[in-house]
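Undergrad: Chains as they are written, first to last, in the numbering used here: chain A, 4 to 471; chain B, 4 to 471; chain C, 4 to 471; chain D, 4 to 471.
Hints listed in this document are in silico derivations from the structure and should not be mistaken for laboratory results. You may find that some hints are simply not true.
[As the list claims (entries may be wrong)] Coverage of chain A stretches by chain B, computed from C-beta distances (three or more under 8 Å per stretch; other residues unrestricted):
hint, stretch
1, 104 to 117
2, 190 to 199
3, 345 to 357
4, 425 to 437
[Stated by the list, open to error] Computed cross-link-like contacts, SDA-like style, restricted to lysine to any residue with a CA-CA straight-line distance of at most 25 Å:
hint, chain 1, residue 1, chain 2, residue 2
5, B, LYS366, C, LEU264
6, C, LYS432, C, THR413
7, D, LYS139, C, GLY195
8, C, LYS265, B, GLY444
9, D, LYS254, C, ASP239
10, B, LYS343, A, ASP169
11, D, LYS139, C, VAL201
12, B, LYS213, A, ASP170
13, D, LYS41, A, ALA46
14, D, LYS167, C, ALA220
15, C, LYS47, B, GLU6
16, A, LYS265, D, GLY314
17, B, LYS47, B, VAL438
18, D, LYS202, C, ASP170
19, C, LYS139, D, LEU204
20, B, LYS167, A, ARG165
21, D, LYS254, D, THR300
22, D, LYS41, A, ALA137
23, C, LYS41, B, TRP308
24, A, LYS254, D, LEU313
25, C, LYS254, A, GLU305
26, A, LYS366, A, GLY15
27, A, LYS461, D, PHE25
28, B, LYS373, C, GLY370
29, B, LYS254, A, GLU305
30, C, LYS167, D, ASP169
31, A, LYS167, B, LYS202
32, C, LYS167, D, ASP136
33, D, LYS167, C, LYS47
34, D, LYS202, C, PRO172
35, C, LYS122, C, GLY370
36, C, LYS139, D, LYS202
37, C, LYS366, B, MET77
38, C, LYS265, B, VAL217
39, B, LYS254, D, GLU305
In this text, all values refer to a predicted model and were calculated from it rather than measured experimentally. We put the beta carbon where it would ideally sit given N, CA and C, even for glycine.
Number of protein chains: 4
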Amino acid sequence: MTEPVYDLIIRGGRVATTTDVFEADVAISGETIAAVGKGLPPAKREIDARGKLVLPGGVDSHAHIEQLSAAGIMNADTFESATVSAAFGGTTTVIPFAAQHVGMKLPQVVEDYHALAKKGAVIDYAFHMIIADATKETVEEHIPALVKQGHASIKIFMTYDRLKVDDEPLLDILLAARQSGAMLCAHAENHGIIAWMVKRLLARGYTMPKYHAVSHARVSEAEAFTRLIGMAALIDQPIMIFHVSTAEGAKVIRDARGQGLKVFAETCPQYLFLTAGDLDKPGAEGAKWMCSPPPRTHSDQEALWQALSLGDLQTISSDHAPYRYDETGKLRAGPNPNFKQVANGLPGLELRLPLLFDAMVSKGRLGLEKFVELTATAPAKIYNLHPRKGSIAVGADADIAIWDPNREVTIADEMMHDLTGYTPFAGRKLRGWPVSVLSRGRVIIEGNKCLASAGSGKFLARSGGEAA
Amino acid sequence: MTEPVYDLIIRGGRVATTTDVFEADVAISGETIAAVGKGLPPAKREIDARGKLVLPGGVDSHAHIEQLSAAGIMNADTFESATVSAAFGGTTTVIPFAAQHVGMKLPQVVEDYHALAKKGAVIDYAFHMIIADATKETVEEHIPALVKQGHASIKIFMTYDRLKVDDEPLLDILLAARQSGAMLCAHAENHGIIAWMVKRLLARGYTMPKYHAVSHARVSEAEAFTRLIGMAALIDQPIMIFHVSTAEGAKVIRDARGQGLKVFAETCPQYLFLTAGDLDKPGAEGAKWMCSPPPRTHSDQEALWQALSLGDLQTISSDHAPYRYDETGKLRAGPNPNFKQVANGLPGLELRLPLLFDAMVSKGRLGLEKFVELTATAPAKIYNLHPRKGSIAVGADADIAIWDPNREVTIADEMMHDLTGYTPFAGRKLRGWPVSVLSRGRVIIEGNKCLASAGSGKFLARSGGEAA
Amino acid sequence: MTEPVYDLIIRGGRVATTTDVFEADVAISGETIAAVGKGLPPAKREIDARGKLVLPGGVDSHAHIEQLSAAGIMNADTFESATVSAAFGGTTTVIPFAAQHVGMKLPQVVEDYHALAKKGAVIDYAFHMIIADATKETVEEHIPALVKQGHASIKIFMTYDRLKVDDEPLLDILLAARQSGAMLCAHAENHGIIAWMVKRLLARGYTMPKYHAVSHARVSEAEAFTRLIGMAALIDQPIMIFHVSTAEGAKVIRDARGQGLKVFAETCPQYLFLTAGDLDKPGAEGAKWMCSPPPRTHSDQEALWQALSLGDLQTISSDHAPYRYDETGKLRAGPNPNFKQVANGLPGLELRLPLLFDAMVSKGRLGLEKFVELTATAPAKIYNLHPRKGSIAVGADADIAIWDPNREVTIADEMMHDLTGYTPFAGRKLRGWPVSVLSRGRVIIEGNKCLASAGSGKFLARSGGEAA
Amino acid sequence: MTEPVYDLIIRGGRVATTTDVFEADVAISGETIAAVGKGLPPAKREIDARGKLVLPGGVDSHAHIEQLSAAGIMNADTFESATVSAAFGGTTTVIPFAAQHVGMKLPQVVEDYHALAKKGAVIDYAFHMIIADATKETVEEHIPALVKQGHASIKIFMTYDRLKVDDEPLLDILLAARQSGAMLCAHAENHGIIAWMVKRLLARGYTMPKYHAVSHARVSEAEAFTRLIGMAALIDQPIMIFHVSTAEGAKVIRDARGQGLKVFAETCPQYLFLTAGDLDKPGAEGAKWMCSPPPRTHSDQEALWQALSLGDLQTISSDHAPYRYDETGKLRAGPNPNFKQVANGLPGLELRLPLLFDAMVSKGRLGLEKFVELTATAPAKIYNLHPRKGSIAVGADADIAIWDPNREVTIADEMMHDLTGYTPFAGRKLRGWPVSVLSRGRVIIEGNKCLASAGSGKFLARSGGEAA
Ligand SMILES: [Zn+2]
Ligand SMILES: [Zn+2]
Ligand SMILES: [Zn+2]
Ligand SMILES: [Zn+2]
Ligand SMILES: [Zn+2]
Ligand SMILES: [Zn+2]
Ligand SMILES: [Zn+2]
Ligand SMILES: [Zn+2]
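If we strip away everything but chain A, and leave its shape as in the complex, we get (with noise of 0.2 Å):
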C-alpha cells in the first residue's frame, strides 16, 4: 500500500470558491490546503464527501462576543460558547469587537479582549476595535500603534447614547484610520432623529416593542450614511457600512460607488429574512426580534437582495449580539419593559450560514458562487484576511465547511449551542447544513459533536486590506 501523502483528504466532493464548482479531491497538509484535484493520492486520514459540498468556511465580519455593552450588561455569549456555535453553522473566522467605552484606554481594552478570545475561542478571530472615546491619546497614539499590532479596523456608532461619536470626533477617528491603514466601519443612524422618535412614542404610551421599529425612522439611516460618506470622502479614507436595511440607505450607497467613493456595505440575515412585523407580538416577546436597526419591509428586503446582486453591498454578516429573554437580557427592566429598556440584539452566529444557504443555494438565489463569496470570499479580502482565509486554494488555511446540500432541518431554539436560549428563526425548516467543519486542517465539527477545545482558535493579525 501507498504511503499517505497528505493528512486529510476530503475526497470527491464538490469545491465551490466564488469563481467554480467543480469536483475534486482536497488535500490538506498540516493547516493549510495542499492540493486541489481528482484522483489524489492518499492521506493518513480521509473524508468522504461524495454527494457534499466543500466550501470555505464562513467568516462572520461583525459579531459581538462577550462584550459588555454601554448600557453596563454582559451579552449571553462566551467566546467559546459564541465560537462553537459559529463553527456548528459553518464558520470558521469571527470578528468580533475589542470595545472601548468612555473613559478606558484602548491598549487595555485590547488586551482584555485577547484574554478572553485566547481562554475560549475555538476558530480565528480578529478584532474590530469600537472607539467611544476619540481622546488625542486614543487617535494619536493608540490607534495607531493598535493597527501595526494587526488590528486594522475601526468600528464607531452614531447613535446610542454612551457610544456614538459626534461628527467633529469622528473626523479625527477618519484621519486616524486614514493615517494607519485601517478599514473604519460604522453603524450609521441620525441619532437625533431616533432620540426625538423615542421621546415622542413613549411620552404617548408606545412602548410595546413594535414601537422600535418606529423609533428608527427609516431616514436616520439613509441620512447617516449620506453624512457618513461625505466625511469619508473629505478625508479620502474607505469605509464600511454595516447591516444596511432600507432601500434608501442601499441607495445612497450606490450613488457613492458611482463617483468612486470608497464605500463598502454589509447586510445581515435578519434584514433578509425578517421584516417590522416580526417584532409584533403580545406582550414583551417582540423583544426577540428587537434589533438596532430593526427589520423593515418586504419590500426592503428586494432591495438589499438586489444591492447584493448587484455588488453594492459586498458582505452578509450576523451581527451577532446575544441576550437572554429573561432578567439577565431583554427583560433586565422587567417582564414589561418599555421598548428603550430592552437590549437589542440578535443571536447569529449559528445560523447565519444556513439560511443563507438555503435562500442563496437551495432555493437558487444567486446562487452557490455568491453565497460563497458574500459571507467568505468578500469579508476576508475586505478585512485582509485573504489569502489565508475566504477561499479554498493552494496555501490557505484548511478552513472548511463539508455541506449536505440535501438535509432538512427544522429550526429549535434548544438546537441552538450558543447561550442565547432562542433564535428568532425558530419555525423554520432549511435545507442544507454544514455537517462537518474544519479549522486550520483540524476537524472541529463531526455531525452534532464539536471536537476543538476551548483556546484552540488563534488571533489573526491583519494589516489593511482595502483600506491600505
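Start from chain A and add chains B, C and D with the ligands according to the hints.
TA: Leaving out everything else, chains B, C and D with the ligands in the frame of chain A:
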C-alpha cells in the same frame, strides 16, 4: 381743469410684474395702488416716469439688523441706517431677525426687536424668529403664540457655537412650526466638519481670511441640506434653505423638490458675484469679503444661476450682516486676527437690487420678469407678504421703485448709506439704478435724498404663507 | 352724466394673472385693455362681474382643426365649429396645424389652412407647420421663408405610418428650426415598438379598443423623448414635447431640464383625468376614449400633476382631434373595427378649461394663478403670442373669459358646440364655468349664445419666442 | 523513479483565478486540469514556471475573422492567421461571427463559417450569429434551431447601411432570443445621427480620417443604448452591449443595471488606450486608427476604467477587425479616401492581453484577479463557455497562458502574427508577456513558435448562459 382723482400718478413708465411688462400709468390712492392703465385721469401729484421702469419695491427676506451676534458683537447698523440703505437700493420691505440667544425668553426678544424697528425703520418689515434655545416653553408655548401674532417664520442655525440647534431639538422646532403653520428657515451647514477644519487649519498656522473659505468644506453644505430635508420630510414641514452657495447644495434641493418635498431655497449676490478668491487679499483685508458660507467658484455661480432659472432656488436675498472693518467689527480681535476671530457677514441691503438688475436686466441674464420675481414677488409670496407686497397690482401697497435702466454707477464705499463703511462690490460699474422709491404711496427716496422719517416703516403681521 | 372714457368695462370682478389676484375693473378701448383699477371712469358698455373671476382667455396651443389625417380622414370640425366650441369653453386663441403630407409643398399647405381659418375662425389663431416630408426644398427654402412670415413653430411626428420623420431627416428639420428661430414641437413615441405591439396584438385577436392602450407600451414614450432630446441637444434647438402621458416621460424631461437643455413640455386633460381603464367598454364604444398616446394610470396622473407643479411641464393643451362615433370617424372601418382601424383623437377645445378650473381652482389643486399660467400665459409666452395674448395687462388684447366660480354643470354630449357628437367627459359634474368671453374687446360668448361671426378671428404672426 | 501520474505539469508558477493567487503546480491529464497543488507527483512532461504567472487562457468574445463586410470587403485574416495571433497573445478561446447579410439563409451562413473555422482555427471557438435580415423564417425557424445546435448568441447592428436592424425587426429578434435562451449582443449606435453627421461633414469637405470620430457624435452611443435597453426590458431579454466608448454610455448601463435590468457590457483596449486624437495623422494614415465607435477622450478612458471596476462593464474584448493599410483594406477607395470610404476596424486579438496586463498588473490598475476576470472568466461565464473555459479549475480545459511578468516588449508592426500588417499600438513598451500557451493540454505557443496545426481548434457548442 379736471379734479384730481388719485393722490399720485407715476406716468408713462414701463411697468413690470413677473408676468407682464407694459407701458402704463400707475395711480395711487392713499397707501395702495388704485389703477394701472393708459391715460389715467389726473392725480394730486404726478411723477414723470417716461423712459423709466416702474417695478415693485424689493423684498429682502434675509437681513441682520441691529442684531447682537452670539459672540456679543452688535452689528454696524441700526434699523434706521439699514432700512435707509435698503430704500436707496430700491427695497421697500425687509425681514430681519428677532434673535434669541440661549437663556432668553422669545416673547421678550420679539418685543425688544419690535421696539428697535418701530423707532428706526423707514420701510415696512416683518421678523423671522431665531430660535437658539428650544426649551419646552419656547417650543410649546412661545412659538405658537408668536406665530399667531404674525411672526410666521422661524430661523435656526445648524452651525455657530452658541446658536446651533442639534438634530433632536431641531425636530421639536420643526414640529412646532408644522403645528403653528410657520415657515422654517435654516442656515444649514455641518457644524462638526467646519469646526474640525478650523481646528486643524489654525493649528497649522493657516490663519488668514482666505482660510475661512477652506474651513467651510464644500460637503458641509450639501450634507446639512440632506439632513435638514430628511428631518423636515419626517415632519412634513416646509423649509427655506438660506444662502445656497454650492452646485452640490443646489442639486440636493433639486432632487428633494423632484420627490415632491416642500423645500424652498435662496441664494445671495455674494454667491453669484464673488468667489473664494476674493478673500485672498494682503493682511487682514480679506476679512471684508468673509461671510458664511463663503463665496465659492465661478462654476458654482453658474450652477446657482441655472438653479434660479429652473425654479430650484426661488429667491435672492442680501443676508445683510454688516461689520465695520475696524475694532468694533471685523478687527475686534486686533489688526491681525485669525479668520476664526473675524465676524462673518457683508453689507448687502443697498446693492442687492442694483447688482442683480445689472446682471439680469442690463446684461440680460434671465430678464426683467425674473428679476422682479426673484427679488420681490417670490419672497413676498413665500413669506406671506403677498398680495400686500411684492407686485404692482391693484389693491397692493404702493411700494414701488422707479428705475433708470440707463444710469451707470461705479460703486464706491462712500456712496453707501449703511454704517458698514465699505462694500465688497466697490469698483464695480453697474448699469441701471433706482431713482425714486415709494413706500405705501409715500415717496421715500428721490434721487439722493431720503425723505422718510425714522420709524415711519410699519410691522407686517404675517400668517403662514407657503408653509401653512 | 359723465362722458364714457372707455369702450367697455368689466366691473368689480376678481382679476387674475399668474402673479396676482385682485378685485378691479377692467377697461377696454378698441381691441385692447386700457386700464385695470378700482372705480375706473365709465365706459360705453359695462359688464357687471361682481362675484365673478376675470381671467385671460385660454390659449390652446395644440388642436387639430379641419385637418386631413394621413389616413385620409377629415376630422369632424370646421374652423367655425371648432373655434365656436373653444370660445364657449373660455378659449380665445388657438394654434392648430397646417399639415403637410408627403408630396405636398409646404407653402401651399399653409395657404390652404389660412384660407380655411380665415373663412371660419371666430377667435384668433396661429399655425404650427407639420412637416412630414423633409425635402431639401422644404427644409432649406420653405421653412425659413414661412417662419419669417410668422409661422414660428414646426411640428413633427416620430410615429404614424405616413407622417413619421426618421432620425436623419429630423436632424435636418431641427437644424432648419435652429437657423430660422422656430420652436420644434413633437409627437414623440417610438414607432417601431408601437408597430410591433400592434402587429402581435392583432395577430392574436386582441382587437378591442382597450388594446390600443396596450400597444403603446410605456417605454415607447420615454425612449422617444430621450432620443429627441439627444438630437435637439446636438443641434442646440429648443423643443416642445407634446402630450406627456407617463411618469417615466416626465422624469426624462425633468432630467434634461436639470442639465440645462431647452426642453419644454405639455400634457392634456385626457392624461390628467382619464386612464387606460376608460377604453375598456363593451363593443367598439371604447373607441370614443382612444387617443395617442393613450391615457395611462392614476399614478401617472399624479406624476403629471407634480411635473406641472414643478414646472417640468409648462402647458396644458387640448390636443383636440375630433372624430365622430360613426362611419365618418371612429367607425369608418365598420361597426366592429380593430383598434388599429380607429382614428385616434378626442374632442377637447371646449372642456379643457372647465375641467382644469374644476380641478385646480374649485378643488384647489395648484390654484388659480397656476390655472392661468398653464392654460393661457405660459403657452402664449412659449409660442411668442405674448404680450398680445395670455394675460390681463394694459396694452394686451382684450381676450377675456369671465367665469362664474360657483356655477355647477353636469357635462352631456349634447351640450357641446363642436361637431364630434360626444365628449369623453360626459357625466362629470364640474364647478366653475365661463359665462362671458371676449375676443379683442368683442363679446363673443354671452351665456349660451355665440355672438361672433365666422371669419372674425385673426391670424397671429409670430416670431420665435422661447425658441429664438 | 516514480511512474508519471499526469501527462503534463506546470511547476511552481503563481496561479491566478478571479478569487485567488497562489503558488502551485498545475497538473494536466489529457485535455483537462487534473490537479492544482504543491509538490504534485511527476508527469510525463514538466514545464518550469517558477517566477511566472499561470493564468487561464484569454477568452476573446468579440472578433471578426475571415468575415465579409456588408460593403463586400473580406477582412485581412483567415481563421488560421487570426487564431495564431490570438494564441501568441495568450488567448485560447475566441468567439467570432457567422455573419448573415441580407438575403442569406442563416443555416447556410453558419455552415460556411463552420467550414472556414474547422479548416483554420488553432484555438477553440464559438460563433455569434449576426442577423441582418430578420425574415419570418430566420426568426421563427432558424434562430431556435441554431441556438439548439449550440449557437447561443445573436448579434445585431443598430447602424451600418446594409446591416442595421430597425426597432421593429429588432423586437422580433429580441423575442426569438428570449424564447430560444440566447444572448443578444449589439453594436448600438444611432444610425440616423451618424449618417446625418457624415453627410454634413463630407459636404463641407471634412474628409480626413479624424472626422470619422466627429461623425460618431457622442450622443449616438448613449441614445442607442437607452433605446435598446428599453426594448430589451419590454421583452425581458438579457443583452450584451458591445464596445462601450463614452462616459455617458457607461452611465446609461449603470442606471439600467441599478433598475435590475439584465444588461451586460464590454469595452475594448482601443477605448482604454487610444483617443480620437490618434486619428489625427497626416494624409490618410489616421485610417489605421479608425474603428466604430471611435476612440474618445482621456476622460472617457477614466470613466470606462471606473465602470469596469464597479462591474458595470464585465468584459474586455478585442473587436478584432483587421484591414490592411493598402488597396485591399483601408485604402480600397484609393490613397486619399474620405473617411466614409475607409473600412472600420483594428487588429486586436494579439495585443488585447499584453496591453491589459501591462496596465492592470504591471502598472497595478485593478490588479491581477480583475485582469483574469475581465479577459477570461467573465466572458466565459456570460457566453456559457464556463466551466470548460475561463478559469484554472479542476476539470476545466487546460487552456493556460504562462506569463513572464517581467518581460518587456516594445511593440512593432512586424512582430504581429495576424495579416493586418500594422498595429495601432506600435511603439508602446509593455511589461509582461505570455511565453507559453496551452490549449486543451497541448502546448501551442512556446516562445516565438506556434506548435499548433491549422484546424486543431474545436467548435464549442453553448447553451444560453446568463441569458437562459
Ligand atoms: Zn450596529
Ligand atoms: Zn453590531
Ligand atoms: Zn446664515
Ligand atoms: Zn444670515
Ligand atoms: Zn400627437
Ligand atoms: Zn395632436
Ligand atoms: Zn461593432
Ligand atoms: Zn465588432
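Undergrad: Out of the numbered hints, which ones does the structure contradict?
TA: Numbers 1, 3, 4, 8, 22, 23, 29, 33, 35, 37 and 38 - these are the hints that the structure violates, sorted from lowest upward.
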